[in-house]
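Residue numbers (the working numbering), protein chains in the order written: chain A, 1 to 757; chain B, 758 to 1049.
By construction, these hints were calculated from the structure, which means they are not laboratory data.
Computed from a predicted model, the values in this text were never measured in an experiment.
Careful, some of the hints might be misleading.
Said to hold, decoys possible - SDA-like cross-link-like pairs, simulated, lysine to any residue; straight-line CA separation at most 25 angstroms: (1) K313(A) to P158(A); (2) K27(A) to I861(B); (3) K628(A) to A856(B); (4) K65(A) to I761(B); (5) K628(A) to T970(B); (6) K751(A) to A1025(B); (7) K628(A) to S877(B); (8) K27(A) to G860(B); (9) K751(A) to R1005(B); (10) K581(A) to A934(B); (11) K751(A) to E1004(B); (12) K628(A) to G860(B); (13) K628(A) to I761(B).
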Amino acid sequence: MVLETEKKQKKYKVIGTRPIRPDGLDKVTGRARFGADIDLPGMLHGAILRSPHAHAHIVRIDTSKAAALPGVKAVVTNADFPHVPAEELSLGEGAVNLVHLRQNVLAEDKVLYHGHAVAAVAATSAHIATEALRLIDVTYELLEPVLDVRDAMKQGSPILHADLRTRDMGKDGDIPSNIASHLHFELGDADHAFGEADVVIEREFTTRMVHQGYIEPHNATVSWDEDDHLTIWMSTQGAFNVRDQMARLLRLPVHNVRVVPMEIGGGFGGKISVYLPPVGAILSHKTGRPVKLVMNRTEVLEATGPTSGSYIKLKMGATKDGRLIAARGELAYEAGAFPGSPVGAGCMTMLGPYDIANATIDGYDVVVNKPRVAAYRAPGAPISAFACESVVDELAEQLGIDPLQFRLQNASKEGTRQLRGTTFPPIGNVAMIKAALASDHYNAPLEGPNRGRGVANGFWFNAGMQSSLNASVNGDGTVSLIEGNTDIGGTRASIAMQLAETLGIPMEAVRPTVVDTDSVGYNAVTGGSRITFASGWAAYECGMDIRRLMCARAAAIWDLGEDDVEYVDGVIRARKDAAKKFTFAELAGRINSTGAPIIGNASVSPQTVGGAFALHIADVEVDPETGKVQVLRYTAFQDPGTAIHPAYVEGQMQGGASQGIGWALNEEYYYNADGTLANASFLDYRMPTTLDLPMIDAVMVETPNPGHPYGVRGVGEVPIVPPLATIANAVYRATGVRFRDLPISPRRVLKETQGLE
Amino acid sequence: MQAIAYQSAKSIDEAVSVLRQWGERARVLSGGTDLIAQLREGRRHDVEVVLDIKSIPEARELRYSPGQGLYLGAAVPCYRIYEDAAIARAYPALADSAALIGGIQIQSRAAIGGNLCNASPAADAIPSLIALGATCEIAGPNGRRTLPVEQFCIGPGRSALEQNEFLVALRLPSPAAQSGSCFLRFIPRNEMDIAVANAAVALTLNPAKDRITAARVAIGAVAPTPLLVPEAAAALIGAPLTEATLERAAEAARAAARPITDMRGSIAQRRHLARVLTRRAIESAIQRAKES
């Protein structure tokens, strides 16, 4: 449901409609080609040996028996990689030290988590490759693992990296530590403000490591040619980013690496950092044949980046008239085996929904013996929002103020100063909260025992980054759009729609194609909720480029000055002579008989992302005897700026809410005491199934972003920010117990409500 | 998963002779929903041949008559149970189990007999078979034998089948008039899960429908094998249908549970659930008996 659509419908012809996606037929018929569908002549199959231990020195790797197995063509270890400098490499969402990336794709002298890749084999069949893994003999010297973020921060904890020092305000510490960095943010004077608060609440929270749970496992097929050109077919959120990672890791010129992005079965941030391509590359280099690697689900869960488990201590203070005035927070996020948790984003987004003048927030990025974390949908924000929205809820309750009303009266708005120093541009937070307050859901009575209703707010920055695309006008008035963004959430459609709107032609007249890294200008990752915003902006610029060229061509045909021709609603016409006009298709038909082909080009790097807010309402029922939480009704409100394709915005809102509900209720990495992961399957890593979720109603409350030609704000990430606290607040009202440790599994509910350990 | 030979037996004798030939290296395949997953995940390295019993007539037969009871071939897939109205009405606990093992696709392959032979402590069909008094028909080199189903599982993944034996069928007695049964399991989600605990109850009411004249109670996922709980049945038989009776029986189930703590549940949680599920299954079985 879109609120405020009426105005927009008058304003736009294509934007705000719900056309069928250009890639839809291929996907529902099975024609679409995903990474694992690649099959090349002479192709070998790779397999990876993984550590059964959470923390150990690698004393020796004997690959001789594996190499001797008939059908095995190569066995590689970390020693087969070239040396790389310890430089930071941006991943678009997050960054990684090159040495750590190299050590993560194949362990060097230590294994740092259960599932850490140790060696790899290429063989003539997948079965032989798997069989060969059993013949690789690795001698380990076991070390004590450290699994919890608070344990890892303690003096005397097992140390993962002897050379890691705590970076604190730009300076490195002088003793080895698991704390990779300490961040500090200050706004106003929190100490003073707490003195003026009438109500102060301080609470501690923990969350567990959780995985994105995309359907398609990681894959890569790599061909290293005789002339040192590398081609990689894979599903990735960022083909250009993979190209850069590979060039840097393998010390090749960038133009030697071509990445062909295949269709992708979900990513949510988890398909940015490389795992398989570097291994495939050295296997292909050694064998002179293409090598294909595909993970199974266990490998995905054990060894690809989930998001952090965490510990948070948060204190907030309010005046008795219900004004939030102070916050002090301490956030410690697990980075997994190598530095790089999203704790910074957690710190900076936590207070985003509020106008709160005084805050001091400290963040700690901490390594533990678990897989290196990767981005996951609004990385870091759901974790800190869980803490903040729980404390805010409790403050509202103590003050006797309706929880939504309390959020409304403290809501951030245009001009509100944020913790990171900047002030908000026009944002839709207030309008969204008002819509929730007035909604049927919030005003419907919730009757029956063991039921409760919860609300929570959430903020995500959104990102801009770089986008390039081009479009050719065809003789029949259609347009071929060439872009370089992996289409995860319907972006072929949302980009094509913005080009069609700009050109005043039907969306169906634009055919978008996603191409490889040699075939279009640079594009940053499909991440940060940026594609419909930034590539949509590029589509607008590209459309304007085409409009100028079309006007110039018409002017030439009519022998008029370019200024005498205008482009209105897909019609090119002379300003002063109503008889002189071409439809887009008419002029397109004359392009090649009147001059050069018409191609529009655009490359952009927009910064005015606008910021996104989401507010969720949940009704739950808790079975007091089993502790099971059933979500009865769920409504997600969000400001998409302008919803380009409302159905895909709704899909993002529902998807984010679903993942967040899973995070709140049952998902967790369950580790045995020895650091082995016990539940690396979708059977025991419990994401919600369709039977676990009600219909998630999506309400778009549009406050157009003045920083975008069509008012777009990114929509993909923010809907996962509120659900954790929304569910926890609802369960509180159903049970009378505040749950501050996730997940709120039946086991935990029984423990907290009945004392059953 | 390595190259594995496949053999399909057409008769019980042929199956036994294949088993004699291959011994420990053979595994019997019916629906394969457990076995194939185990082979793919490398959990069984010793298997060299799978022996498909789906072409053995005795293993595929499903036959019910009120006088004779139920003959359930070991390879009969779940869906045939809940889609047969007479069987589902006579053995509602078994229909409950058949309908919640896996999804539709799994139910079209997976067999109750296979669920039993996999001998998981958390198996969703075994408590129902125990409560309904099923008997196993086993074939082997020394001929045929029968075994009460509650004696079939002897440990996690381990059954009472001797070397070169296999399960041919299960027989369930006809329920008496005014009987009802129910199977319940607890999982954190609503699908796609292995039981944290489960329970099955089968009982018979007197003609006045105010007393229980016969009962069997079984619980699962709370011990190395699914358990028959005679103490729970004893609490029910002859007693009036009161709150206290039901609580005593449920408490007996709780006391019988000997669970472990693992990623799926804790000791305290599982014991508690054994009580809750038994209590709820009794209530449902009584309701069904009254409506029968």
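Kindly indicate which numbered hints from before are broken by the structure, ordering the numbers from low to high.
-> The structure conflicts with hints 5, 10, 13, although it agrees with all the remaining ones.
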